[in-house]
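For reference, the chains in residue letters:
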Amino acid sequence: MSLPPDTAALAAPALPPDAPIALAPVPSPTGIVLRRGLRHGGFLIGAGILGLIVLASLAAPLIAPHDPYAQDVSRRLIPPIWQAKGSWDHILGTDKLGRDYLSRLLYGGQISLLIGVSAALISGLIGTVLGLCAGYFGGWVDAVVSYVVTTRLAMPVVLVALAMAALVGGSLKVVVLVLGFLLWDRFAVVTRAATQQIRDRDFVSAARAAGLTDLRIVLQEILPNIMNALIVVATLEMAHAILLEAALSFLGLGVQPPLPSWGLMIAEGKQYMFFQPWVITIPGVALLLLVLAINLLGDGLRDITAPEARH
Amino acid sequence: MLTFTLRRVLVALAVAFTVSVASFLLLHLSGDLATAIAGPESTGPQIEAIRREYGLDQPLLTQFLTWAWRALHLDFGNSFYFRERVIDLLAARLPITLYLGFIALGVALFVAIPLGVIAAVKRDTWIDRLALAVSVLGQAMPSFWFGLTLILVFSVNLRWLPVSGNATWKNFVLPAVALGYYAMPAVMRLTRNGMLEVLASDYVRTARAKGLPPRKILVRHALRNAVIPVIALSAVQFGFMLGGSIVIEAVFSLQGLGQLAWESIARNDFPVVQAIVLVLAMIYIGLTLAADLLNAFLDPRLRQA
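Line order of the protein sequences matches chains A and B.
Just so we're aligned, residue 1 is where the first sequence starts under the working numbering, counting upward by one.
Just so we're aligned, residue 1 is where the second sequence starts under the working numbering, counting upward by one.
There could be a bad hint or two in this list.
[Claimed, not checked] When the alpha-carbon atoms are kept at most 25 Å apart in a straight line, the in silico SDA-like pairs for lysine to any residue are as follows: (1) K173(A) / E263(B); (2) K122(B) / A14(B); (3) K173(A) / N157(B); (4) K85(A) / L29(B); (5) K173(A) / V153(B); (6) K173(A) / L236(A); (7) K173(A) / P229(B); (8) K96(A) / A36(B); (9) K170(B) / F275(A); (10) K170(B) / F274(A); (11) K85(A) / N268(B); (12) K173(A) / L27(B); (13) K96(A) / G211(B); (14) K122(B) / A36(B); (15) K270(A) / V156(B); (16) K270(A) / N157(B); (17) K270(A) / P229(B); (18) K270(A) / R159(B); (19) K173(A) / L25(B); (20) K173(A) / K170(B); (21) K122(B) / H40(A); (22) K122(B) / L27(B).
Calculated directly from the structure, the hints in this document are not laboratory data.
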């Protein structure tokens, strides 16, 4: 008995014999991460606030209502708009020299972001190189790096940073360099642990068997696989550097006047805070929001890229 | 345990030595000390005189060995500014900072441990989320700004506590809260994670199966084990707090070691700065050593590492 032509076609589907059977569309890794990100409340809030602060800081020359350095002694300490004597001309008021607080806040954001990013880049480079060496080579290299990290942790950061900044002379560049050269410990610790975890995996052994040099194995096989962890540490260290810069500037040994660093604005407002509390509240809240946003983003990224590491 | 202890002590000593070399080098290579001491208006011959007087014309190695040998005998030289022995200054100021650190740690533990326990027991409820929010805020708060805000609220508006100084215990309340809040998130998270792990373990299930009252299981069986790593973390956090107290002491004008450090840096009083860096590093090394040994004593599995 012969089958009718249409059922024969059904019995032998018109596919090459070794074609993969797609049961459901497989989402791409990027798709998974994106979807998780859109569902993660903390990540969205952090990204939103940080995005706004970055935009506002970058656009400061366009949107700042006044020159952040222009002094006007006849307009000293005008309160912000929500207080009885506020005026629309100075939405967030003016400081003790009559400079527009909103404009200074916007330009100050540039300083905080610049310090956060560059300190995290420098410390990230140092820490990652140390961590990769320790994790990949193990043995005495690992022992030496671990020893260096232990030593670095034993040094009081704030004090050493203050003393160095004071000797070299406080400035934006000095603060970036000092923080960059002091904050690499967490990068080293995390990179080392992550490298140890994948050092003996099959794809690394395969690369070794294929005759790749250690340098290429580390750069091509290991580094891309620990990048997620590094980005999370980078956000933490950015936040750390921004807070430390504010503290150094507050103590008078960081960024120098007349630059509008938020820490410096708090220091300058300190003597007026008993009568005009907003002079320290405004830059303080700005700092809090920026650091909070970066931390939320970092925590979110960790949950999204490595849900198994969540605590 | 003996070999482990010996090895750890040796490593701690080596770290202590390296830290003293590093802090010495950092200060001597960051700039010219003689010029800094002499001040901006001084002339060449004056700077040269200062260089000779303080032995800064000697080779760096000689300078270091002289300094290190004296430091070993607790002789940190004389302060440039006070014309007093550095060791006497330290002896006068260190207790204030230690006192502040202890209260701050107490505040942190008093809030963080119960919060961590509740967060773990009521996992994924609003209490857990509130605890998480408190800890995320704590990490984002600039400590000096938090201190100033505390002054505004509790000293200026409510008039409950003094603004600054270190006359009575009341002066230490606000600085301790400002400093302790900084250490709280880490302790809270560690307690919560430890409790979650312990609460899921077999012996807690057995205790539950035996019909023990929940409170007894929680405190006597779970918390007791979950709190072990917290003790070690507290020791490390205490070390960090001593270093961080420089900012808080400046805000509250507490005349502790941090305030002395800040003023000495501004006055280019290097013997004092160097001694304070060394003392804080030694305290930190001692604390981490103690924490390591305590952990290894309580958990023999750690002794292999």
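Verification of the supplied hints:
Proximity of K173(A) to E263(B) is assessed by CA-CA distance (about 23 Å); at most 25 Å being required, the pair is judged to hold. Simply put, K122(B) and A14(B) have alpha-carbon atoms about 45 Å apart, too far for the 25 Å limit, and the pair is violated. A distance of roughly 39 Å separates the Cα atoms of K173(A) and N157(B); the hinted pair therefore is violated under the 25 Å criterion. Of the pairs offered as hints, the one joining K85(A) and L29(B) is violated, with about 52 Å between alpha carbons and a cut-off of 25 Å exceeded.
Among the hinted pairs, K173(A) with V153(B) is inconsistent with the structure: their alpha-carbon atoms are about 36 Å apart, more than 25 Å. About 21 Å separates the Cα atoms of K173(A) and L236(A), which keeps this hinted pair within 25 Å; it holds. With a C-alpha separation of about 39 Å, the suggested pairing of K173(A) with P229(B) is violated against the 25 Å cut-off. As the CA atoms of K96(A) and A36(B) are separated by approximately 31 Å, the hinted pair breaks the 25 Å bound.
A C-alpha spacing of about 23 Å is found between K170(B) and F275(A), which places the hinted pair at or below 25 Å, so the restraint holds. Restraint check: the Cα-Cα separation between K170(B) and F274(A) comes to about 20 Å, which is no more than 25 Å; the hinted pair holds. Annotation: proposed proximity of K85(A) to N268(B) is violated, straight-line Cα distance about 44 Å (limit 25 Å). The straight-line distance between the Cα atoms of K173(A) and L27(B) is roughly 18 Å, inside the 25 Å bound, and the hint therefore holds.
Taken as a hint, the K96(A) and G211(B) pair is broken in the structure, with Cα atoms around 68 Å apart against an allowance of 25 Å. Between K122(B) and A36(B), the direct Cα distance comes to roughly 58 Å. Violation of the 25 Å bound is thereby established for this hinted pair. Taken as a hint, the K270(A) and V156(B) pair is honoured in the structure, with Cα atoms around 13 Å apart against an allowance of 25 Å. Taken as a hint, the K270(A) and N157(B) pair is honoured in the structure, with Cα atoms around 16 Å apart against an allowance of 25 Å.
Only pairs whose Cα atoms come within 25 Å are accepted, and K270(A) paired with P229(B) is rejected, the gap being roughly 39 Å. This hinted pair checks out: K270(A) and R159(B) have alpha carbons roughly 18 Å apart, not beyond 25 Å. Taking the CA atoms of K173(A) and L25(B), the gap is near 21 Å; set against the 25 Å cutoff, the hint holds. With a CA separation close to 40 Å, the supplied pair K173(A) and K170(B) exceeds the 25 Å bound.
With a C-alpha separation of about 21 Å, the suggested pair K122(B) and H40(A) falls inside the 25 Å cut-off, and the hint holds. Between K122(B) and L27(B), the direct Cα distance comes to roughly 50 Å. Violation of the 25 Å bound is thereby established for this hinted pair.
Of the numbered hints listed earlier, those contradicted by the structure are 2, 3, 4, 5, 7, 8, 11, 13, 14, 17, 20, 22.
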